[in-house]
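Participant: One letter stands for each residue in the lines below.
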Amino acid sequence: MTLVKTKIGRRSFIRNTGLASGGLVLGFNWLASCKMTPEQVNAMPKEWFELNGFLKVGDNGMVTIMSPNPEIGQNVKTAMPMIVAEELDVAWKDVIVEQAPLNTDIFTRQLAGGSQSIRQGWESLRMTGATARQMLKEAAAQTWQVPVDEITTSEGMLHHAASDKSAGYGEMASIAAGLEVPEEVSVKEISEFKIVGTDRKNVDGPKIVTGKPLFGLDIQREGMLTAMIVHPPAFGMKYKSMDATAAKAMPGIKDVFPVVVYPEDAEKQWSDGGAIAEQVAIVGNSTWECMQAKKALEIEWEEASTLENSAYHDEALNQLLETAPKEAARKDGDVEKAFKSAAKIVESVYTAPFLAHNTMEPMNFFAHVTPEKAELLGPIQTPEFLEKTLVSVLGMPAEKIDIMMTRMGGGFGRRLYGTFAVEAAVISQRMQAPIKLVYTREDDMTQGTYRPSYKVRYKAGLDDKGNLIAWHVRGAGTNDDLIFENRFPAGAVDNYLAEKHSLQTNVTTGAWRAPRSNFIAGAEQAFMDEVAEAAGKDPIAFRLELFDRAINNPVGDPKNNDYDPERYAGVLKLVREKSGWTGGANNGKSRGVSAYYCHNSYVAQVMDLTVDGDKPNIDKVWCAVDCGIVINPLSAKNQIEGGIVDGIGHATYSALSFSNGQSDQKNFDTYRLIRNMEAPKEIESFFVDNGIDPTGLGEPSLPPIMGALANALYRATGRRYYHQPFINDKPPLVG
Amino acid sequence: MATFTLNINGKKQEVDVDPSTPILWVLRDHLNMVGTKFGCGIAQCGACTIHLDGTATRSCILPVSSIGDKNITTIEGLSENGDHPVQKAWLEVDVPQCGYCQAGQIMTASALLEKNPNPTDEEIETAMNGNICRCGTYLRIRKAVKMASES
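Read top to bottom, the protein sequences are chains A and B.
Residues 1 to 735 (the UniProt record's numbering) are what the first sequence spells out, left to right.
Residues 1 to 151 (the UniProt record's numbering) are what the second sequence spells out, left to right.
I should point out that these hints are in silico values taken from the structure, not numbers from a laboratory.
Check before you lean on any hint, since a few could be wrong.
As a list, the in silico DSS-like pairs of lysine-lysine whose alpha-carbon atoms are at most 25 Å apart [stated by the list, open to error]:
#1 A:207 - B:143
#2 A:248 - A:295
#3 B:146 - A:207
Negatives, chain B to chain A, calculated, CB over 10 Å [said to hold, decoys possible]:
#4 6
#5 70
#6 137
Remember, it's a predicted structure, so these values are computed and weren't measured experimentally.
The C-beta atom is built at its ideal place from N, Cα and C for all residues, glycine as well.
Can you make the complete structure from the sequences, with help from the hints?
Facilitator: Written out as structure tokens, the structure is:
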């Protein structure tokens, strides 16, 4: 047992009433659409007792645990309650999980982003469960008139050995709910865990496989209208005028109007990236009718700024790569001097295009705004920021705004930028009616907040023994400066120079699964392979030499280095062992290796592939991960597998380009995503068992796989792949 | 507007809609059967897959007027208690991440197994290739289809 301060204020408990009367009602309404079986109804408690904002215990011992963070497929809706249940010491089968609404009085950081939900929730989730358990123990101690320290718990039961008394949590819940919150509670030792670290299936699985309404797009309400928007056809254009006569006369159409979503004085949050001030709204009875009216609209747009082309972005990024910035992001030693004395120099440029997020569920949101209240329900990764924007845009205090998150049909960063929810609210306010805003796939793909396009140039110098003596990286991206100057190999090379530029464009860019890392990892690890080859060394041995340097004799203050070289080397050694690595080939298959650190976690991968004609067949990926304690191995492996497939897919097949400010790709007929046949035949994941507090898992497996792929392709084809997507890197990889 | 009588999951349902309305939107907007998902609207992603007389069909481009008396099966009607072998295998393997595409995946898989109860690995991949999973659960999808075929 470890004693921790509870950090739960009285405030959370007082505010429970607010939660029950506001948000929870909304939650239950939403859930009411899923009918329970008679067995489920019989198993439900007659009365619930709230022990804190996270959980309530039923009189029959069932426990409802609120999952505070938005669920985008990263499986926090299962993992976060597992942590609470662990410390509460209750059987997982007795747990009902509910999505919590936005409630900043009770929950902190209700955000899905940066792979941080588990890492940043770990302490408070444990404490929440442990606090409730302590209160139940105290209730039993009072009832039985025995010292609380003599009470033990086990799977929802309280025991007092000396007097041979036992009771279920449900029997003590009403007393416990009236007790003071303890100031200090004990949490379990890792060795005592019964739920954390075990395979638990997705709590929404049964609803998903039977098609129950779970997603924002599934919302239906009495009197609800459907709304669609028409946004400017290109970045750099704005609304001028329209003729909506024909559209307004179409069947099922209630209204068509230009709508100022963000007035000039609106207080925008970072989550309003991509906000379009004025658009056209169509409101009607059904989605199909709105889609038809949309086609009949004649809208005039005008140029507000430059209509950019991909050729321009390419050229401007090239120029930046030729230009030294005024200040280095990091400089150790003197790279220029070192290059002059180097026995060998390797230099390469890597590029990647814009990418759309393409969540399978297009953007949508339900809003019902009346003068008294704003109710918002839908898929949003940043509900807290949405609330702040709505306060400004709707002119309503936060107390009158209820926001509830639905399960999301993918996030990948797209739903960090909740402009669609703001649009829904403004349209509902104008219509004085409940509306569901629905984007078509084309709306979704052409009005994105995209992964920036990137270019990076690496230059490395080796001495005559093949030691890395100089490393120069200069990177640039659209609205993003790409380089993490303190990541590896910073600290492992005497002469190191990192420089970065950002190219301002009017194409909206933002976070896309593993921002920056989603390109720079692959580039860096592909370049590392080139340098290792030039040094005449095995690619894993070469990397390990550098980690040894960073461990034993780091360059500069090791505190500046944004990685732990021992954990980094640890995953590389683990993947070397598990894959039986002996070099660049394995029984006729070509091998590539890669390792990267991001989102506080370390990942190393080995990939085996063959190239059949022009088509890569990926046989297997071995993946070693150090993310500290793994909450739910079954779903952790799913995240690893998904990140690997996602990374391979985007590096190989996907791209978004621009002509006159418009994206050339508008739907999946021209924007290619990886499909079943293109995914690896097998992925095997291994987790380092070190008992360190958990770190990110939703993103870290994606970035390095792009490097492993490029390196394996090189072994198979004899040529390096520098430009994503690799299908377009000439000569074509696949026809 | 016109009235259509549709056979959906063994029940007759009457709707009064524009004849050009794709069956996807008839299901979702008019019959409140939202298990069938909207993904792309151009039959590229497979999220909207239903069975039409047992054949996996994209509902997002299929006008209601073209259905006639054909039998429609949606994810809601695949089994009464969510215990179709494909659904059970999906749970056993714990396939879903975000879960949005999975109804379409399950409808494609169940139509495949109806026609070909013992598909090879290659046949599974080929059959499932039309359904995009943005989360990348393809390996678990294959495993679940295989498991269902063996049950």
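Participant: Taking C-beta pairs only, is residue 137 (chain B) more than 10 Å away from all of chain A?
Facilitator: 6 Å, violated
Participant: Could you grab the alpha-carbon distance between residue 146 (chain B) and residue 207 (chain A) and see if it respects the 25 Å cut-off?
Facilitator: 22 Å, holds
Participant: Within a Cα-Cα threshold of 25 Å, do residue 207 (chain A) and residue 143 (chain B) meet the stated pairing?
Facilitator: Holds. Residue 207 (chain A) to residue 143 (chain B) sits at ~20 Å (cutoff 25 Å).
Participant: Please verify that the nearest CB of chain A lies beyond 10 Å from residue 70 (chain B)'s CB.
Facilitator: 20 Å, holds
Participant: Quickly compare the C-alpha distance for residue 248 (chain A) and residue 295 (chain A) to 25 Å and report which way the hint goes.
Facilitator: Within the cut-off at roughly 12 Å; holds.
Participant: Quick one: work out the minimum CB distance from residue 6 (chain B) to chain A and report holds if it exceeds 10 Å, violated otherwise.
Facilitator: 15 Å, holds
Checked against the numbered hints above, the structure breaks only hint 6 and satisfies the rest.
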